[in-house]
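Chains as they are written, first to last, in the numbering used here: chain A, 1 to 491; chain B, 1 to 301.
Misleading hints may appear alongside valid ones.
[Said to hold, decoys possible] One side of the interface only, derived from the structure: several residues of chain B facing chain A at Cβ under 7 angstroms:
1. Lys-56
2. Trp-80
3. Val-123
4. Asn-126
5. Pro-128
6. Ser-132
7. Thr-134
[What the hints assert, rightly or not] Simulated coverage check for chain A against chain B, where a stretch passes if three residues somewhere in it have a Cβ under 8 angstroms from a Cβ of chain B:
8. 233-246
9. 360-366
10. 398-408
[To be verified] Below are the BS3-like pairs computed for lysine-lysine, each with C-alpha atoms no more than 27 angstroms apart in a straight line:
11. B:Lys-89 x A:Lys-149
12. B:Lys-183 x B:Lys-89
13. B:Lys-188 x B:Lys-208
14. B:Lys-89 x A:Lys-333
15. B:Lys-208 x B:Lys-89
16. A:Lys-446 x A:Lys-333
17. A:Lys-179 x B:Lys-272
18. B:Lys-253 x B:Lys-291
19. B:Lys-291 x A:Lys-149
20. B:Lys-291 x B:Lys-188
21. B:Lys-170 x B:Lys-272
22. A:Lys-333 x A:Lys-199
No lab work stands behind these hints, which were simulated from the structure alone. Since this is a predicted model, take the numbers as computed values, not measurements. Backbone N, C-alpha and C define an ideal beta-carbon position, used for all residues, glycine too.
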Amino acid sequence: MGERARHSAKKSISWLALSLLGFFLFAMILADSRSASAKPLPGGNFRAIPAFARKYGLPCSACHTAWPELNNFGQVFRDNGYQLMNDRDSPIWQNPTYWPMTLRMTPNWHRERTNHQPVDGAPPNGSVVEQHGFDLSGFDLWTAGTLYKNISFSLLPSSDSTGAFHFENAFVRFDNLLKSRWLNVKFGKFELDNLVSEKRFLFLSANGGLYQTYHFAPVGDANDFGLGDNQIGLELMGHSINSYTRYSVSVLSSNSGNVGLPSNRTYDGYVTFSQAFQVGRLGLQRLGGYAYVGRRPTFSQTFTTAPIPGTGIGNKSFYRVGFAGDLYTLQGKWEFLPFFLHGYDSVFLGIGCGLTAPCSPPVTLPAGAKAPTWNGGFIETHYYYSPQLVLTGRYEILRMSRQAFPTPTMPANQGDIDAYTAGYRWYPIMFSRAGLAWHNEFSLVKTAGAIPLSGNGVGLSPLAPLTALCSATRCPGVWSQTLFFGFDFDF
Amino acid sequence: MKSITSVVAFFFGSLGLALAAGTTPCFAQTDIHFHTVTGPMEAHIGGLAGHSSDGKTLYRRFCVGCHGASGDGNGENAIWFDPTLGFAKPRDFTLGVFKCRSTPTGALPTDEDLFDAVTRGFVTTNMPEWRSLTNQERANLVAFVKTFSTRWQTDKAGTPIAIPPEPPAKIESILHGRELFQKMECWKCHGSEGRGDGPSAATLTDSKGNPIRPYDFTTGERFKCGVSNHDLYRIFMTGLDGTPMPSFADNIKPEEAWDLVHFLRTLQVSIKTPELGTFRQWVSAHPGQLKPIGQEAPPGK
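Using the sequences provided together with the hints, build the complete structure.
Here's what the structure looks like:
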């Protein structure tokens, strides 16, 4: 295809996208006009997790700033074990046919564009590849609520877009032990009590639909841990009556949330603490800190044969520490979410010793090898133009402060990330039992000398070996961008 | 470059369409038209001033689903609240009648009363505690709620009743309260053991004709209008307007009201109150001396 033809095709695609968007909006306006003329509806409100809305008759906007993100009332509800604490939370008070089930999916169109791709006839540093088309998101089939007063549960079978299911979470929680809000025990697989939740955030695109910092590992590192991965274990948490003060302590299996017996016989630990306070007409402000400490094996007892689960030894440590905030201004209309993380992995993990690539004991470290460390963080902002329209943006940065290998083996910036995301969610209809959002997002990620992370954790494969593009001191950036729009529906 | 331009054009173009559509009149379904009947209102809670203009957005976000855009309690979820199953219908703000007040029966509540009600919620109903909202937000909501009834323009809030200091919960006080429970015929609704199963219980309706259940002391830890003895005192000296629960301010003396409070605490068998302990100790030491509460008891006892 000639250059002129390519430009013509791009132009057609842009017009096609705009035409489709116009069609959808026009159709919605028409549909809404008819309903409005037939029967004026007095009210409108958000619907977020309709299972709870159906149970309590509260609008979803009661619990969500813009679904699925929680506001403080929703946080209190969640901290109470999905209970309003009105003495009517037990399922015995519900109609026996009530089933707390929620379905969520996002039919979408997206365009992915990444440079340094090894296409035929590409120059030595690769070429730009663009892909686009209609697609499906993953699918959530979530049920949650109470089994009895002060005994709650959650079960979330989740699939990718092909229908391959896994258990995103599955836990039982014993709430208000000893009649105290400060003692709640959760048992099973669950989202870490992160101060900024990645499971209920407002981004869906491949590049923007994850916090890079939550899933980052240095280039060549063997550690499989991700702060954004749901983990299996036990959590003790507590909160004040309005959840202004919150803490949690977790003991977790050391396999980053994967089912089956852990690869070794150690446990990870996670602690969080946060405090919220009112600042005049600015609204509620929350600040908090967290620390995750764990160990991962570098070889197994069956080093010479296939590893047997649970026989991982030679455990080496790692940690993640940092702080986060949830700050409001303009009377709660403009929200800022600052987040900072400092990461450390043992030098043995950093040079790639793990169960999939075991290092023969005793390990002799390469000359100059050091434990990799890095700093990452983001500032995310949401502007709530109205309860039906939220504008979103995020800038994320991650910098290696120390590589496992010295230069020139590993350039100082290899693995660094800069990520930009902007978008909006518009909730065109306000119906009492379900939710619909028109989601539009553009994201751009630059990863220095490494495969870009993406929403599904895979990313497009860059030119291999990418390190061939690196100089002795610096690696070039791999740019990956996503344009995404779709209908996010939740019933 | 052309690609970037088309992306930006698409992104902001569609955003513009969304913004435009969001303000189009044909999206009336999603744009609430509140039917307020007063001008802007204020609420004063201590040194805090709430403004109805700021409360409107909050009401839309949190309250409209049940209480409705007109404040008449006919929000889109209201039809699913079945009073026969014990789920009270949402409050109709247009009447200007409120259950939980510090003011005499028939009077408007104070702003603090409404603020406390929003903060505390109503146990056994779908009205939750809203203490997770900031004080300012709750004050703004109180101000906005007042815009639904002209009573706030024509009447003034009543003066809170005086509550004398609580005497010690001695056995004499408890036993006298038990006699009052019989004499004032509280048992007819609340039942002889306070289970909310008195002979009149099934016939009760609120001022809008919806079935309503008497409070069950045996399972409840909190009351509709608070948790403390002072709250309980206030409930039956002010009554719960709009419900069959009357005010007894004209029927019993303040010290008698405290006796009744102490006895009612003995009905809360699920939380084993100190009054219940005192009462049980006396009963075990005086077997057979108490006459049963209810119709079988002699008149006047």
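So, going through the hints one by one against the coordinates:
| no. | hint | in the structure |
| --- | --- | --- |
| 1 | Lys-56 | 11 angstroms, violated |
| 2 | Trp-80 | 6 angstroms, holds |
| 3 | Val-123 | 5 angstroms, holds |
| 4 | Asn-126 | 5 angstroms, holds |
| 5 | Pro-128 | 4 angstroms, holds |
| 6 | Ser-132 | 4 angstroms, holds |
| 7 | Thr-134 | 5 angstroms, holds |
| 8 | 233-246 | holds (count 3) |
| 9 | 360-366 | violated (count 0) |
| 10 | 398-408 | violated (count 0) |
| 11 | B:Lys-89 x A:Lys-149 | 23 angstroms, holds |
| 12 | B:Lys-183 x B:Lys-89 | 31 angstroms, violated |
| 13 | B:Lys-188 x B:Lys-208 | 21 angstroms, holds |
| 14 | B:Lys-89 x A:Lys-333 | 31 angstroms, violated |
| 15 | B:Lys-208 x B:Lys-89 | 10 angstroms, holds |
| 16 | A:Lys-446 x A:Lys-333 | 30 angstroms, violated |
| 17 | A:Lys-179 x B:Lys-272 | 14 angstroms, holds |
| 18 | B:Lys-253 x B:Lys-291 | 24 angstroms, holds |
| 19 | B:Lys-291 x A:Lys-149 | 36 angstroms, violated |
| 20 | B:Lys-291 x B:Lys-188 | 16 angstroms, holds |
| 21 | B:Lys-170 x B:Lys-272 | 16 angstroms, holds |
| 22 | A:Lys-333 x A:Lys-199 | 22 angstroms, holds |
Hint violations for this structure: numbers 1, 9, 10, 12, 14, 16 and 19, all remaining hints satisfied.
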